[in-house]
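Novice: Chain residues, written in single-letter form:
Protein chains: 2
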Amino acid sequence: MPHESEIYLDHAATAPLDPRVLDAMMPYLTGTFGNPSSFHSAGRSAKEAVDDARDSIARVLECRATEIVFTAGGTEANNLAILGAYRSYREKGNHLITDAVEHHAVLHPIEHLVKKEGAAATMLKVDRLGMVHPDAVEGAITEGTVLVSVMYANNEIGTVMPVSEIGARIAAWKAAHGRKPTDPPFFHVDACQAAGALPLGVKAIGCDLMSVNGSKIYGPKQVGFLYVRSGMRLEPLLYGGGQEGGMRSGTENVAGIVGLRKALTLAHEERERENARLIALRDRLIAGLLAIPKTRLNGHPTARLPNNVNVSFLDIEGEAMILHLDEAGIRASTGSACTSASLDPSHVIIATGLPYEAAHGSLRVTMGRATTDSDVDRLLTALPPVIATLRKLSPVKLDMKHYV
Amino acid sequence: MPHESEIYLDHAATAPLDPRVLDAMMPYLTGTFGNPSSFHSAGRSAKEAVDDARDSIARVLECRATEIVFTAGGTEANNLAILGAYRSYREKGNHLITDAVEHHAVLHPIEHLVKKEGAAATMLKVDRLGMVHPDAVEGAITEGTVLVSVMYANNEIGTVMPVSEIGARIAAWKAAHGRKPTDPPFFHVDACQAAGALPLGVKAIGCDLMSVNGSKIYGPKQVGFLYVRSGMRLEPLLYGGGQEGGMRSGTENVAGIVGLRKALTLAHEERERENARLIALRDRLIAGLLAIPKTRLNGHPTARLPNNVNVSFLDIEGEAMILHLDEAGIRASTGSACTSASLDPSHVIIATGLPYEAAHGSLRVTMGRATTDSDVDRLLTALPPVIATLRKLSPVKLDMKHYV
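Protein chains in written order, with our numbering: chain A, 1 to 404; chain B, 1 to 404.
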């Protein structure tokens, strides 16, 4: 039986390229192909495109163009922030602060530094809604803290972190301890999921480093950038031709950078209207899902990304649910795509206090520009029989009262 | 005056995207946009595209698909090979061997390891034709050598290195010193300029690591791969979702990888015919340029990339020549684009023994698929008056007999 049209509800894993972004990229995939480091006019045209993109992106972040370092995506931006700052400021201290619900592209470089490069890390807990508390951040800072890394919004459960307040607390700690604003501890914000939905002004947030990638905002894959506050120096991950102010060598991905610029500026311009539309869809979907018995909302009910819904259905196995939905033409996920190769339940949902046996049945629905009311209806129609079938097969019968 | 059509003769800096490569990429820039790590069918379609690309590329290298690690370009592939092997095998030794004419994406990570991570490096000299001698490599190996890094072909002067013989000498040293073939020293070959022109069978070369990038073979920018012989482990540069067998985290650049596959397979299929065509153009251009007084050929006359011409004109300043040619619609370079921001003469040409004052007037012409006999004629017509004008302005009058 040919099923109905596909519904893609996994925008947090990756979003389609916006046709307007592809249009912006096409001249750089065809005629204007020079190497921006070349002296001749083909090189200069490419360099101008990269420079213009840097200017536009800086306007969205309310920073200087020279503070934008282009990278090959969000993983590299996070790694450059963490490994680069630690290796560069190692003589100032070895202490790092992060939290239990960060993306693996933040947690794993920190684990590496602890295992192999002499770092000590404080892993902050989150509350049941997935929130990191500014008090906890401030309380964890020591004389040897070089970096605090807290995400802007969680990629699995959508909780929006109080990053501006965390920035203010770090600044207050510095003032109280005779440090200059430009001294460590530095504040890194992984904004890969927040970009497009939340304001990115780096001064309002009070961060020194901010990671953004393209593929979550309808831009190309494997292109992103790291905001690096002027005056900070990061030990590079890649050495070579000295591009990006010496912080990131390698011939620039001109078409990708042009696409990233277009994606970010479109998302910035359309943010308020699109957020309002998505929040209405989100809240209707959440209400419909919570009407299914033994269902728990993961993440914060209101301090939440406009496009994110994440629930746990007790007594079911999430991967089976995803495959059933996939057969019905609905693409959703159990959590982060980057960990879906492992069958372990999400480290994020476990960190919010949901026990291992209950964390298995989680569903993440991340909506996008093409998502409509009828898509929400279709999911709300398709899901209850899938849940009922899987629960019949399940040997586990958990008591909901322990899991709310 | 509107000048004639543009002639692009800087393919070693970057090549245009082949329209056939763009055609292959387009489905992955539009419909098939999933994250290869996602469970659902949108993810699986993306994963299949990446897997197929890996299989095709492995056939060109005559290796296993699992030995191909996709990277964001040649700089990252070189850095992963050098930093990754050194950090992973540090307990086996700290000695590295390379040569004076490598790309900065090889030299600079090695310099970093020497300055910051306890490495010792032997920098081999090259002869006047830019060749590294296998005897010199073998003679430099010590009990503590972990890595030898020699490029397949030089990006500036086009000299093709005897990599198979170097591979054989390293193997012979291991046999004579009771080492297994899979023990250090390992052999890394930077094939970024060779790919498309020379055979890439890794077993025939006898290397453990080989870097290739897309933008030099009419593929997309900032996508490449590192061949990593099965059994070798490299400390990653990027930690996160554990993609690429744990050696290179980050959501895969699906469209880029598909483009890289198409670019490499096309180049492989068309190599012999295209090489014959380019060698005829190259040798005619070299003969024409050497007819200009006080001109020296840089690099090897025959063990040379089919598309590479590099000459030094005494008593002129290279950048001025490039700008004059650019005005006439001809895009060429003085050397590597990656170092063109610096006005220092090429480290490669200096390494071949040409003195500093004579190395300034170098011209690199790197031809491509679109280059024709009439392009060669136009360059040979445009250049002599430019040289004559610049020589009139030059305060330097070198004696050719010292520079041949």
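Treat each hint with caution, since some may be false.
As the list makes no split between identical chains, a pair holds if one copy fits it or if it spans any two.
[Stated by the list, open to error] Calculated cross-link-like contacts (lysine-lysine; reagent style DSBU-like; alpha-carbon spacing at most 30 Å): (1) Lys115 to Lys174; (2) Lys180 to Lys397; (3) Lys125 to Lys180; (4) Lys116 to Lys392; (5) Lys294 to Lys92; (6) Lys294 to Lys203; (7) Lys92 to Lys116.
To be clear, the hints were calculated from the coordinates, so they are not data collected in a lab.
Novice: Taking the numbered hints from earlier one at a time, note which ones the structure violates and give those numbers from smallest to largest.
Specialist: 2, 4, 5, 6
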